[in-house]
Structures are given as C-alpha cells and as structure tokens.
Amino acid sequence: MLRDLVPAVIGILVRRGADFASAEDAVQEALIRALQTWPDDPPRDPKAWLVAAAWRKFLDAARAEASRRGRELALDAEPPPGPAPGTDDTLRLYFLCAHPALPHSSAVALTLRAVGGLTTRQIAAAYLVPEATMAQRISRAKRKIAGLPLDRSGDPATVLRVLYLVFNEGYSGDVDLAAEAVRLTRQLNALTGDPEAAGLLALMLLHHARRASRTGPGGRLVPLQAQDRSRWDTGLIAEGVTVLQEALARDRLGEYQAQAAIAALHADAPTAAETDWVQIVEWYDELLRLTGGSPVVRLNRAVAVGEADGARAGLAALDGVDPALPRYRAVAAYLHERDGDLERAAGLYAEAARAAPSVPERDHLTREAARVRQLHKGSTTT
Amino acid sequence: MKYLLLKHYRGGPEPEAPWPPMDRWTPEEVDAHVRYMQDFAARLQESGEFVDSQALAPGGAFVRYDGEGRPPVTDGPFAETKDLIAGWMVIDVESWDRAVRLAGELSAAPGPGGKPLHEWLEVRPFLSESSAETE
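Residue numbers (our numbering), protein chains in the order written: chain S, 76 to 457; chain A, 176 to 310.
Careful, some of the hints might be misleading.
[What the hints assert, rightly or not] Covered stretches of chain A, as calculated for chain S (at least 3 residues, CB under 8 Å):
| # | segment |
| --- | --- |
| 1 | 200 to 208 |
| 2 | 224 to 234 |
[Claimed, not checked] The calculated SDA-like cross-link candidates involving lysine to any residue, where the alpha carbons are at most 20 Å apart (straight line), are:
| # | chain 1 | residue 1 | chain 2 | residue 2 |
| --- | --- | --- | --- | --- |
| 3 | S | Lys-452 | A | Pro-195 |
| 4 | A | Lys-177 | S | Pro-205 |
| 5 | S | Lys-452 | A | Gly-288 |
Read the hints as simulated data drawn from the structure, not as lab findings. Every residue, glycine too, gets a C-beta built ideally from N, C-alpha and C.
When you get a sec, could you build the whole thing from the sequences and use the hints?
Printed below as a string of structure tokens:
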C-alpha cells in the first residue's frame, strides 16, 4: 500500500539532510502527486518513485527558500545514498508525532499524515474541519517540534494514547480511522514488542470485531447485551485473543492489556447471560490498581459488580463515584432499573439523555427512558 | 442561497399544541421521530441541497469579558434564558419559498401518536460573502 511507504520515505529525506518539517511537506506533496498519477501510470518501483519525487519537491522548496534569503543552497542535488534506513525511522516518527509538547488534536493529525500517510484533505474530512484549518494545525505542530532531534525516543504511552484517540474517532467520511488506527498499532507493535502496544492492539481488534453489530437500522446504537453476537468477526476476535495472551505471558501488565482482557471475556461469552462477570470484576479491580483509582474505571466497575453480585451491590459500588462523570447517570439508571425502581430509572435515563455527549447516545438514552416509563406505566396500571 | 433552519428547545411563538418531552413518548414514537429526521437530511443530500447539520447539548453558558487580567464572567451553566437552541440545519436552495417549504416538512416530524409535531422552526437567510457588482 502506498501509505505504508510514507514514514520510510520521510526517514530517507531526513537522512539526506532535510529537516523533518520540510521532508514531511515534500513527501505529502509527492504523495498527492502519486494519488493523482499512479492510477493511470503506475511506477515500477513505488518507493523509489516517491523518494525521487519527494526529494525533487524538497530541493525546489529549499532553493526557493535559499534564493528568497539570498543564500547558497548547501545541499547537493544528487545526494549520497546514505545508510539504508531501518525500521527505526518509522518508530522515531511515531514518537516525534506524538510528542508530549503537542496538544492531542495536533499529535493525532500529524501522526495520521507523517506515519499514516493520509493527505491533509482526508484527515480534515475525517475530523469534519475545513482543509485549511487542518493544514494550519499540522504546520503549527511541526513548528512546535522543530529542532527536536528525530532520534530521541519518547514515552510509548503518549504514542499509544494518540492511536487510541484515532481508533475512537471511528468512521466518518471516506477514511476509516478505526481501521487506520489498527494498522498503525499493528505496525507499532511489530516495531517495539512493547506488551502495552500489544494490549492496545488486542483491545482495538476485539472492539473492531463487534463493529457491525454495534449499530442497528438508522444508525441507532445497540448496547453490548443486545448485540447479535453471530455478527461479531470471529477472525478479529481470535487474533485479538492471541495477541493478548502473548502480551500477558510476558508478565508486564498495563492498562491496555487489562482493558483488552475485559473485552476478551465479553467476546468469549456465547450469549450476554453467559458473560463471566466475576472475572470481569477482578480485571476492573486490577485496572483500578493500575490507574490509581480512575473515576471512569470505578464507574464501569459498578456495572460489572451489578451484573456479578446484583443491582444493590452495583449501586453500592457506585457510591462515592463522582456524579459529574459523563456517563454516571446512564449507569445509575441501568442499576436502578435492574433493582426494580423503574420510576427513578426513567428519570435518570432522561437526565442522562440531556447530558449525552453524542447524538446516537442521546437518542439511545431517550429511547431507554421511554421504554422504562412504559414498563413502569404497565406495572402501575395492572 | 443558504438558509439556516433553527430548532429551539424553547422560545419562539406559542406551540400549536404542546407535547410532552420525548422521554415520555413510547420507544416506537421516539424511533419514528429520529427516523423522520434522518430521512429528511438524507433526502436533501440526495437533492444536493444539504450543507450541514448539528445538534447542541442543552448545557453551556453565557460568557463575557470582565476587564484586563480578570477571568471572563460566566452565567450558567443553566442560564435562565427564554430562548434555547437545540440544533440547526444549513441548506442551500433556489429560493426563500423552497426554504420555507422544507422547514414546513421538517416541522411535520411525527410526535406522540405518530401525529405531526407542528413544531416552530426558525428560517434565517445567510448574508452572502460576495457581492454582485452593481452598475
């Protein structure tokens, strides 16, 4: 795939003496040219074509800049071949693009362009912002990290976080960001062998496997317990479980591995009723320990406790969780419904709908409120 | 010509017939309403008249400058306003008449009992960015 070549080509230009920002720009221009011309006139050696085209673009830009400043261009038009670029180039790009100095939105955009090989237009379309805005965001990000050496390795956690954000953006426009995130995480996992990269990859694969069953007619949201499990992608589940088991065997547990373990337990249950909630609660306990008591984990754990030990226990587990959390009311509504307090549940579902962060969630929660109110009406009139 | 179709949570003229909030409808009525709105947008995409559509959360706040070196003043999150915008749709159509007709269709979205809501929608023309030369 053309996009696979992009990080390596950037690496080659940098080795030839280009700075990262100019190299990345030149490769983007060459990429756009390739997308236009390759369908009619495919090159024999795609990588050599991209390197040559990008180097030409870089020299043009450097000459224009040099003449603007009235200076001689120090770079040779015919560069020495240089050492063969290794896979390290790609790994360094991951770290650079996810640099902690960058805001998340910029790190995401830069990663998708320099590592993912997407065009600015595609990234803009996926995030529903004008192309000029996205172009500006990317060049500001590059200015911010200019001068940082390409060879300093960073914190793997920041890279994983950026890839996780891309994955959660899902699908909009003509670019499937979830699939792109899986591709980039798969590549990162192969490059680093970090158990948490494997954990994130497993988590993504296990979630991705459920995608077809997650939305019903008209884009309506289908919660886990109501999903048609025959539509889950067993190939992705099998791969996710294998990746996870290999990671866990290395005995360096982290958040993503624990989250993937929970996803694997869901994937393992033939029906919602057969879910091993006791084990899921244990994994949530592990996650609480790993995250230092994350409020979001505490909230999700309350649902699992409600399933494992009954609604009362779930409500008790909810005690002390910050009610300001985005999905607090939805969880409380669910547990009160299970506890038989339909009136309270309906009110909470309606409140949850008003606080919902997305249209599909809002509509789903409104429907839940309506459903529980109808149940309640039925139970009071008979 | 572009027009904004503005939907309000509250504000605007007296409703034709007040209806209960959506969480007091039946799930089927909620589904029918959501489907109608989606079909409406899909139809406008098909006809080449759809530009954009956004829904807004009911929260938020009013904010204003409060002088040099001071944090902005906020009023809210649940500001006591008469008017509360729920969302909008931007359409690009031939004429004001077409915009009004489409707003009328959108206002017929079904509510309780599957009957049209007769909801008031605000239609506002965009001011154009470019001006035709006049001689």
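Hints and how they fare:
A stretch counts as covered by a chain when three or more of its residues have a beta carbon under 8 Å from one of that chain; for the segment 200 to 208 of chain A and chain S the count is 6, and the coverage holds. With 4 residues bearing a CB less than 8 Å from a CB of chain S, the segment 224 to 234 of chain A meets the requirement of three and the coverage assertion stands. Our distance criterion of 20 Å between C-alpha atoms is met by Lys-452 of chain S and Pro-195 of chain A, whose separation comes to about 15 Å. Between Lys-177 of chain A and Pro-205 of chain S, the direct Cα distance comes to roughly 18 Å. Compliance with the 20 Å bound is thereby established for this hinted pair.
Note on Lys-452 of chain S and Gly-288 of chain A: the hinted pairing holds, with a Cα-Cα distance of about 17 Å set against a maximum of 20 Å.
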